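S.K.: This is what each chain is made of:
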Amino acid sequence: MRKTALLIAAAAMFGLGSIVSVQAAEGHIVIQRQPWSFAGPFGTFDRAQLQRGYRIYKDVCAACHAMKLVSFRNLAQPGGPGFSEAQAKTVAAGFQITDGPNDKGEMFERPGRLSDHFPSPDPNEQAARARFNGAYPPDLSVIAKARGVEAGLPRGLIDIITQYQEGGPDYLYALLTGYGKPPAGETIGDTQHWNRAFPGHRISMPPPLSDGQVEYTDGTPATVDQYARDVAAFLMWAAEPHMEARKRIGFQVMIFLLIFAGLAYYTKKKVWADLH
Amino acid sequence: MSHSDFQPKNPALQWIERRLPIFSMMHGSFISYPVPRNLNYWWTFGGILAFMLVVQIITGIVLVMHYTPTTAEAFDSVEKIMRDVNFGWLLRYIHANGASMFFLAVYIHIFRGLYYGSYKEPREVLWILGVIIFVLMMAAAFMGYVLPWGQMSFWAATVITNLFTAIPGVGKAITQLLWGGYSVDQPTLQRFFALHYLLPFMIAGVVGLHIWALHHVGQGNPAGIDVKSDRDTMPFTPYATVKDNFALICFMVVFAWFVFYIPNYLGHPDNYIPANPLQTPPHIVPEWYFLPFYAILRAIPNKLMGVVALFSAILVLAFLPWLDTSKVRSARFRPLYKQFFWVLVAVCIGLGYLGAKPAEGAYVIIARILTAYYFLHFLVILPVLGYFETPKPLPKSISEPVLGKSGAASGIGARAPEKN
Chain A
1 MRKTALLIAA AAMFGLGSIV SVQAAEGHIV IQRQPWSFAG PFGTFDRAQL QRGYRIYKDV
61 CAACHAMKLV SFRNLAQPGG PGFSEAQAKT VAAGFQITDG PNDKGEMFER PGRLSDHFPS
121 PDPNEQAARA RFNGAYPPDL SVIAKARGVE AGLPRGLIDI ITQYQEGGPD YLYALLTGYG
181 KPPAGETIGD TQHWNRAFPG HRISMPPPLS DGQVEYTDGT PATVDQYARD VAAFLMWAAE
241 PHMEARKRIG FQVMIFLLIF AGLAYYTKKK VWADLH
Chain B
277 MSHSDFQPKN PALQWIERRL PIFSMMHGSF ISYPVPRNLN YWWTFGGILA FMLVVQIITG
337 IVLVMHYTPT TAEAFDSVEK IMRDVNFGWL LRYIHANGAS MFFLAVYIHI FRGLYYGSYK
397 EPREVLWILG VIIFVLMMAA AFMGYVLPWG QMSFWAATVI TNLFTAIPGV GKAITQLLWG
457 GYSVDQPTLQ RFFALHYLLP FMIAGVVGLH IWALHHVGQG NPAGIDVKSD RDTMPFTPYA
517 TVKDNFALIC FMVVFAWFVF YIPNYLGHPD NYIPANPLQT PPHIVPEWYF LPFYAILRAI
577 PNKLMGVVAL FSAILVLAFL PWLDTSKVRS ARFRPLYKQF FWVLVAVCIG LGYLGAKPAE
637 GAYVIIARIL TAYYFLHFLV ILPVLGYFET PKPLPKSISE PVLGKSGAAS GIGARAPEKN
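Just so you know, the sequences run in chain order A and B.
For the first sequence, counting from 1, position 73 maps to 73 in our numbering; every step adds exactly one.
One rule links them: number in our numbering = place in the second sequence (from 1) + 276.
None of these hints come from the bench; they were simulated from the model.
The structure presented is a predicted model; accordingly, all values stated were derived computationally and were not measured.
None of the hints are false.
Below 20 Å or equal to it, Euclidean Cα-Cα: the simulated EDC-like pairs (lysine to aspartate or glutamate) are:
no.: 1; chain 1: A; residue 1: LYS68; chain 2: B; residue 2: ASP360
no.: 2; chain 1: A; residue 1: LYS68; chain 2: B; residue 2: ASP352
no.: 3; chain 1: B; residue 1: LYS579; chain 2: B; residue 2: GLU636
no.: 4; chain 1: A; residue 1: LYS89; chain 2: A; residue 2: ASP116
Partner residues aside, some chain B positions facing chain A, computed with beta carbon under 7 Å:
no.: 5; residue: GLU355
no.: 6; residue: VAL518
no.: 7; residue: LYS519
no.: 8; residue: ASN521
no.: 9; residue: PHE522
no.: 10; residue: ILE525
no.: 11; residue: CYS526
no.: 12; residue: VAL529
no.: 13; residue: ALA532
no.: 14; residue: PHE536
no.: 15; residue: PRO545
no.: 16; residue: ILE549
To give an idea of the chain A side of the interface with chain B (calculated C-beta under 7 Å), a few residues:
no.: 17; residue: LYS145
no.: 18; residue: GLY148
no.: 19; residue: TYR265
no.: 20; residue: THR267
The beta-carbon is built from N, C-alpha and C at its ideal position, and this holds for glycine as well.
Start from the sequences, fold in the hints, and give me the full structure.
M.R.: This is the structure:
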């Protein structure tokens with residue numbers, strides 16, 4: 001009886017799903033899923049990739065985008081790009097930080113320290129909008145978690161089992177490699193650019209990457225595709241700097257809980273044995 | 277309330293016991309308390325819910341030590357917890373996913389009650405206390421979701437508080453009282469923070485009453501028949517304790533899966549965008565556990581009636597003991613009700629799916645049909661079914677199907693097993 005009811009329910013759900021999916025098909029943007037070293041239960045960041053991604057961020061993104069929640073010291077923390085403390089100090093010293101007021105009551109500039117956050121390219125949102133025809137380049141600190149890909153059903157449910165959490169970097173990669181000419185019949189404004197992945201397709205950010213723009217010293221191909229992967233991975237780390245620790249501890253917790261559950265099950269069986 | 281003539285052996289404890297009988301009360305409630313021997317694993321969710329409440333309160337108190345309830349700093353202070361507080365990411369992910377697990381457990385607990393008729397005489401008050409806990413949980417979860425002050429926080433707060441403007445006459449005044457001004461802003465965030473801290477303790481209080489009522493009338497059971505003798509029961513400890521323990525650990529595996537591997541799966545990416553009153557997100561979606569009710573709200577074209585339907589959908593549960601006219605408790609012995617129960621489950625899941633979709637075209641039409649069915653189930657089907665349904669014969673006692681007629685002699689009864 002329960003089985004028939006479940007069958008009815010399942011049939012109703014699929015019927016519902018198919019009516020609804022026809023509707024959703026219009027205007028749908030497909031974001032391809034990419035392979036990431038940090039995906040899955042044992043995923044870790046590729047240090048070299050994070051370092052390359054940091055270079056893209058610093059040489060390209062940072063001209064317009066802030067990343068104010070990330071500190072220089074984070075670069076040397078475990079589970080990150082793997083800079084040594086000395087290297088992170090050098091990176092920090094390359095930035096001028098406004099500090100103060102000093103004992104004369106004045107603000108002053110000084111080289112960055114490990115404890116400083118990445119300085120923002122514009123003093124405030126209004127200044128940024130004035131610089132970019134009214135558009136505001138968003139802060140990149142948590143951008144990899146602030147963007148996502150809607151999976152729909154049933155894939156969205158399968159993602160629970162496969163632990164898909166990489167919608168953010170997938171979207172960022174698709175966006176950075178998604179520039180092109182608008183299709184026939186579509187018009188765009190003077191300060192807009194056509195992008196396959198961007199919702200509405202009209203994006204104010206000009207194509208930020210071009211082949212050979214940033215020189216890689218480790219022999220990695222200097223292509224837009226590679227740049228986009230590297231900076232998306234870097235931004236995922238910036239958004240979730242404790243991800244490696246999380247997955248490592250998660251595995252330990254799982255092992256503990258499964259053994260505990262086994263013991264609890266046999267305890268229960270033993271205790272209940274004298275009931276029947 | 278006491279099921280125990282327990283006396284502590286230690287003289288100091290005896291001294292206290294004579295003045296405050298707390299030890300015999302604890303013994304009566306959690307050791308010798310008689311539990312029907314036929315309970316299945318659906319009955320373990322009460323204990324799981326108690327555990328979740330404690331988890332939420334403990335992680336919440338620690339999070340408050342690092343959180344700043346101002347519109348300028350709330351978002352960044354949450355990120356500071358994620359980045360700089362020792363194991364702050366763990367605390368926050370436990371708390372955020374804990375809310376979802378709490379609702380997952382409470383929905384299983386509620387549907388368990390619906391299936392086995394747990395709301396029927398003499399458990400009406402126990403059931404209504406449960407509905408009150410559910411409403412308090414929803415309020416607490418909603419206000420908690422506002423605190424990180426992301427885009428979804430802000431716009432969920434705007435949409436939900438605006439519902440109250442639909443109330444004729446006093447609607448505007450109530451909404452401004454909730455806001456502490458003329459829009460969702462600093463005073464709103466600050467009072468939601470205060471209330472979010474208060475509500476869990478109110479929940480804990482009502483949970484106390486819920487458990488008190490439970491221990492007074494005794495637990496229901498899958499057969500839905502009353503306990504008739506000691507043979508039908510077993511002592512809470514060790515039998516129910518070890519079983520609850522195993523179920524809780526299994527539940528924690530699911531919980532840990534979300535916390536450690538897919539901590540943002542149940543959240544919305546937009547809530548990692550700081551709140552911006554000038555920019556409405558394309559789709560404002562509540563957390564998954566509110567989706568069925570959100571679908572009901574949007575299914576009704578009239579704002580006031582939509583709000584009435586939303587609140588009625590919750591409040592109708594409180595009247596369930598009188599809406600269900602059948603004398604038989606368990607769906608096991610109600611062949612028709614059992615089918616309607618599973619249809620209701622499918623309808624609720626369908627409403628949840630529609631709540632996540634934009635309110636347009638076919639979605640709205642299906643949402644209206646499912647909403648109508650939801651109310652039809654409680655207001656028409658349940659009252660009528662009691663008169664037309666022929667229940668299957670009930671077993672004579674709880675122990676009969678388990679032990680058989682001869683097995684009754686094994687005589688565990690409501691006494692703890694003796695130690696060897």
